[in-house]
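**Q** Since the structure of chain A is provided, determine the placement of chain B on it from the hints.
There are 2 protein chains.
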Amino acid sequence: MPLSVIDKKILKEVADLHEVPSGAYNIRKNGEAAGRNTTANIDIVPKKDKPGIDIIIKPGTKGESVHIPVILSEDLNDMVYNTFEIGANSDVTIVAGCGIHNGSSKKAQHDGIHELFIRKGARMKYVEKHYGEGDGSGERVLNPKTFIEVEEGGVAELEMVQIKGVDKTKRDTEVILHKDARLIVSERLLTADKQSAESNILVELKGKDATAQILSRSVAQDDSKQIFHLNMRGYEECRGHIQCDSIIMGQAQVSSIPEITAFHSDAQLIHEAAIGKIASEQLIKLMTLGLTEKEAEDTILQGFLK
Amino acid sequence: MPLSVIDKKILKEVADLHEVPSGAYNIRKNGEAAGRNTTANIDIVPKKDKPGIDIIIKPGTKGESVHIPVILSEDLNDMVYNTFEIGANSDVTIVAGCGIHNGSSKKAQHDGIHELFIRKGARMKYVEKHYGEGDGSGERVLNPKTFIEVEEGGVAELEMVQIKGVDKTKRDTEVILHKDARLIVSERLLTADKQSAESNILVELKGKDATAQILSRSVAQDDSKQIFHLNMRGYEECRGHIQCDSIIMGQAQVSSIPEITAFHSDAQLIHEAAIGKIASEQLIKLMTLGLTEKEAEDTILQGFLK
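Protein sequences, first through last, are from chains A and B.
Here this note's numbering = 1-based position in the first sequence + 96.
Here this note's numbering = 1-based position in the second sequence + 96.
In case anyone wonders, no lab produced these hints; they're calculated from the structure.
Any given hint could turn out to be false.
Copies of one chain are not kept apart here, so a pair can be met inside one copy or by any two copies together.
[Unchecked claim] Okay, derived cross-link-like pairs now, EDC-like style, lysine to aspartate or glutamate, Cα gap no bigger than 20 Å in a straight line:
1) K390 with D362
2) K266 with D112
3) K321 with E333
4) K373 with D362
Okay, chain A solo, but in the shape it has when bound (with noise of 0.2 Å):
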């Protein structure tokens, strides 16, 4: 299946690809296969009982990706189950964006569930950006579920990003950390207009000396409303730190309710969340220095999402 012009661009949004990327990948393109290649090292098998691949990493494997890019540009309701088998002591990067160009007055939906298995020792990136634009009134809408497990002494680092153009998320990603296994997460949200936004994180420490560190940062512009649940629960002697930080601007809802559970006396849990307007101090720096207010504002947001 060709890729357009505006496939490309989505591309570039999502996954930061110019043209098919290099190492394995899967295209899917409105419901369907649009590009598919593996690697001595990734196998990449379509799923027999519902849509979606299994990603299979062996053992060992270092320094390779996977690209699962998706493109909508239908006004379909798109559901897809992807199951990662990622070997033990593999170091792996999966980039798996999505985007929506919606130029119907319907609905466009991607329901993306991921299961993310991370065997004993392995590596883990998790890069997902969520993209929507085109003129069409009809609602772009991402709603992605994540489950992983790490297993001992494994890594998962996600990077979970939405930019612009998703009319409505609701993302939940619940993730088992074993013994000595580790969990970075580094969400970015922006919503503006009448967008909203929901994102569910649970995190269970189940393993000793298991660690978590998630980090989200968000903005709410104009009229739109975006709510964070994130949930720790430490089990056994284990370290978890949350931290929500938001700015909210125009007639915007920010709502965060984290929730962290002590079961084992030696769990260490904190939790820290702020929401507010951007500093004055740091407009007024920014606006000697010759910007206008709008690009101060501008030039802090970007900053902050980074």
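**A** Quick look at chain B alone, frame taken from chain A:
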């Protein structure tokens, strides 16, 4: 009704009283009035439709106090409704503790339902100590519900302490703050054995320049369980800060579920929570000064809950 030795001990624990207090007071014992005093500025009127009293403080009353301790020395289920009308520009202290002595095998429970209206420019300090004792196997249960409305420029300062002997508690506190109103909450909670405690605090910052500050400190020992829901909602230009610190020991469980929501772009809300054990450096420092581990622990906990 004369006060027994047990009654006097309870009055000392919950209200720091050695004899009947000076100023206005109402002592409730086992569901009945055991003593009452009013002053020129403070009236106490029994409710006609349900158990409880109306405490009416004249506008401009300064430096006076009202003691309304409750003693429960029988296995009753005592429920009481108290309403406080705190006149404009007054400055008063309310001491509202409850102590249970349960020598029975049946449950002794006190549910105090308090409504406090703090009128324009008034200041109120509200001190509530909860305490349980007695060698019966019956549970000692305290479920206070407190609703507070603070009018323009008013100040509510709450000191809520539950140190010992309460098997089960569910504390519901709701505060509405109008323009320039201020709330300061200091909560101290210790649970041990199989005790459980739930504290729910909802603060609604409804007026411009309202400010709220909640500091909650708890220690959970043995097999006890604690859960905190602290919810702060800013509807106007306002500032709010919640801080929850918990020390967890033994097989205890602690859950901290704060919630901050900004409905206005000039609302500035911050939350911080931490759950962890006693810092070992602190213990070692005190032990090198000659304290046993137990003594060092107790010293640290006393300082933390002070």
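**Q** What hints, given by number in increasing order, does this structure fail?
**A** 2
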